[in-house]
Amino acid sequence: MTQIVLGIESSCDETAAAVVDSERNILSNVVLSQIEEHAPYGGVVPEIAARAHIDHLDRLIAEAMAEARVDFDDLDAVAATAGPGLIGGVMIGLVTAKAICTARDKPLIGLNHLEAHALTARLTNDVAFPYLLLLVSGGHCQLVSVTGVNQYKRLGTTLDDAVGEAFDKAAKMMGLGYPGGPLVEIAARKGDASRFKLPRPMKGRDNCDFSFSGLKTAVRRALDSIGDQANDQDHADLCASFQAAVGDVLADRTKRAMGLFEEQHPGARRLVIAGGVAANKAIGERLSTITDRSGFDLIVPPPGLCTDNAAMVAWAGLERLKLGLTSDMTISARARWPLDSLAGATDKPFTGAKA
Amino acid sequence: MPDNDPSAQILSIDLVDEDATISLATRLCGQLQQGDVVALSGDLGAGKTAFARAFIQALGKIQGTPIDEVPSPTFTIVQIYDELDPPVWHVDLYRLEDRAEAFELGLEEAFEDGITLIEWPDRLADTLPVDHLALTFQMGPTEGTRTALFSGHGTWAKKLTSLEIGT
Numbered sequence: 028m029t030q031i032v033l034g035i036e037s038s039c040d041e042t043a044a045a046v047v048d049s050e051r052n053i054l055s056n057v058v059l060s061q062i063e064e065h066a067p068y069g070g071v072v073p074e075i076a077a078r079a080h081i082d083h084l085d086r087l088i089a090e091a092m093a094e095a096r097v098d099f100d101d102l103d104a105v106a107a108t109a110g111p112g113l114i115g116g117v118m119i120g121l122v123t124a125k126a127i128c129t130a131r132d133k134p135l136i137g138l139n140h141l142e143a144h145a146l147t148a149r150l151t152n153d154v155a156f157p158y159l160l161l162l163v164s165g166g167h168c169q170l171v172s173v174t175g176v177n178q179y180k181r182l183g184t185t186l187d188d189a190v191g192e193a194f195d196k197a198a199k200m201m202g203l204g205y206p207g208g209p210l211v212e213i214a215a216r217k218g219d220a221s222r223f224k225l226p227r228p229m230k231g232r233d234n235c236d237f238s239f240s241g242l243k244t245a246v247r248r249a250l251d252s253i254g255d256q257a258n259d260q261d262h263a264d265l266c267a268s269f270q271a272a273v274g275d276v277l278a279d280r281t282k283r284a285m286g287l288f289e290e291q292h293p294g295a296r297r298l299v300i301a302g303g304v305a306a307n308k309a310i311g312e313r314l315s316t317i318t319d320r321s322g323f324d325l326i327v328p329p330p331g332l333c334t335d336n337a338a339m340v341a342w343a344g345l346e347r348l349k350l351g352l353t354s355d356m357t358i359s360a361r362a363r364w365p366l367d368s369l370a371g372a373t374d375k376p377f378t379g380a381k382a
Numbered sequence: 007m008p009d010n011d012p013s014a015q016i017l018s019i020d021l022v023d024e025d026a027t028i029s030l031a032t033r034l035c036g037q038l039q040q041g042d043v044v045a046l047s048g049d050l051g052a053g054k055t056a057f058a059r060a061f062i063q064a065l066g067k068i069q070g071t072p073i074d075e076v077p078s079p080t081f082t083i084v085q086i087y088d089e090l091d092p093p094v095w096h097v098d099l100y101r102l103e104d105r106a107e108a109f110e111l112g113l114e115e116a117f118e119d120g121i122t123l124i125e126w127p128d129r130l131a132d133t134l135p136v137d138h139l140a141l142t143f144q145m146g147p148t149e150g151t152r153t154a155l156f157s158g159h160g161t162w163a164k165k166l167t168s169l170e171i172g173t
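Just so you know, the protein sequences line up as chains A and B, in that order.
Quick note: the first sequence uses our numbering, first residue 28, plus one each step.
Quick note: the second sequence uses our numbering, first residue 7, plus one each step.
Same shape as in the complex, but just chain A:
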C-alpha cells in the first residue's frame, strides 16, 4: 500500500515542507528561500532565519498539504529534522511535527539531517544499497559508506571547516557576496586557475579526512599579496585557483574512499554526491574524472534536492517508516549528531544531549 509522509526541514537557513509518497512521487515540495532576505548582510543571518521558521512554517505546511491534495488524516507519519543544525530552528520544526502527530495520532520520525541527504539519491534515482556518499554542504563535508537505512559508516570528515563554509568565506574575503558557492563558481569561469599556488590540504594522507581551514588562510594571504587594488580579474583568478584546489582535494579524498569502499563491497561501484556544493558543476566535473577512471557510477540528485529541502526529509521518513523505525515523542533537538551514531539510537530518547 502506498504510504504518504509529510516532511519538515528547518535545521539551518531554509524553512521547508513537503509531501512524498512511497512510490517516489514528490506530491509537493515547498521551500522558503531566504537567500534574498540574507543577501544584504553578506551572509546568512540565523536569527532572521529562526524567526522566519516560526513565521512561515505553518503556512508552508498548509501549502504543501494543499498542493499535495492530502489531509492530515491521509498521512502515515510526519518526519522532521531533529539535528544536527542551528538548535533554535531544529526545535521549531521538530515541535511542529510533534504537535501534528499528537493531534492526529500519527507516528513521528525525528531525522538526522545528514541521513536525509544520504538517502535522497534513492528518491530521485532509485539507487540500490550499498553506495559511497560524498556529502558536501555549508555545514558538512563527509565521506560515508551507506549500506542500508540506518546503516552508515563514516569514512572521513572535515577536521575543521565544511566545504561550503570555505566557499562562503572565500567569497566574503573577496567581497563577492552571498551565497558564496555559486558566486565563486561564476567568477572562476573567467579565471586562471594556475595563477595562485594554493595548498591541497590532506592530499595523499592515509585517511579520508578533509581540512579547509588552511585553504581559507591561503586565500587571505593571496589577497594580501594583491593588495588593495584587486580587480575583478584578480578575483576571478583567485576563485578559479581556489575552486581547483577544493576540487583536487575532494577528488583525492573521494578516490581514496572509493578504494576502501570497493574493498568492502566488491562490485558496488556507486558514488552519490549530496549537499548544496554538489550543485557546483566544476566540482562535479572534477569528480567525474575519478569515477570515470574507476568505473564508478556518479549519481547527483537534481540541484533543488541537493540543497536543503523537505522532500528529502519526507523520503527518509518513508524509508524509516517502512522498517518501523519511528521515534519516541521525547526525542529532542540536537546541535551535534554524527551520522554513524544513528544505529539503534532513534527509538530511545536522546539523553544527555542538551543541544
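A portion of the hints provided could be inaccurate.
To be verified - Some chain B residues close to chain A (C-beta under 7 Å, calculated; not the full set):
hint	residue
1	50
2	51
3	80
4	81
5	82
6	151
I should point out that these hints are in silico values taken from the structure, not numbers from a laboratory.
Even for Gly, the Cβ is constructed at its ideal location relative to N, Cα and C.
Starting from the known structure of chain A, arrange chain B on it as the hints suggest.
Just chain B, lined up with the frame of chain A:
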C-alpha cells in the same frame, strides 16, 4: 571595542607554527575555570578556530576525555562540549548580525556554568561580559606564523598579570 579599554594590559606571544598554538592553548586551558570568558578576535583565517580547537582538545586530554572532533561552529553557531568539566561552549557569531537576538543562544548559561570561547565577540557588543580575556590573532610575516595579543578586561586586567603563558 574592548581593545581600546585603557585598563587592558597587552601581552604579545609569537606563534611560529601550529604546535606553538597547541602549546599556548594547553598552558592556558589549565588556568581557566568556570565562568571564564575568552573573546577570540582576528580576520578570517587568522587562527581563532584553530586556537579554540587546540584549547578544547588539550582540556579533553588533561581530563582524560579525548575529543577527536572540534568542527568549525560557524554553521551551528554554538557547539557545547559538556563532556568537559566545566563544560566548554565554543561560540562563533560570524553569521550573526543582530546583537539583540544573541540572547536566543542561551549564552548566559555558558557565562555562568562553563568556559566560553567566543569567536567574533564584537557581534555581542555590550552583552559580552565585562570580565573577559581577549585574544586577538594576527597573521605573522611568514606562512604559518601568527601573533596572539592578550588583553585582560574587568577582573581579567589583574588576572592577566599572573597568567603563565610565556614560552
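Results of checking the hints against the structure:
Interface restraint check for residue 50 (chain B): the shortest CB-CB distance to chain A comes to about 5 Å, inside 7 Å, so the restraint holds. At a threshold of 7 Å, the smallest CB-CB gap from residue 51 (chain B) to chain A is about 4 Å, leaving the interface hint in force. For residue 80 (chain B), the interface hint holds, the least distance from its beta-carbon to any beta-carbon of chain A being 5 Å, beneath 7 Å. At about 3 Å, the closest approach between the beta carbon of residue 81 (chain B) and any beta carbon in chain A falls short of 7 Å, and the interface hint on this residue holds.
The criterion of a C-beta within 7 Å of any C-beta in chain A is met by residue 82 (chain B), whose closest approach is roughly 5 Å, and the hint holds. Hint status for residue 151 (chain B) relative to chain A: violated, with the closest Cβ pair at about 11 Å, above 7 Å.
Of the hints listed earlier, the one the structure fails to meet is number 6.
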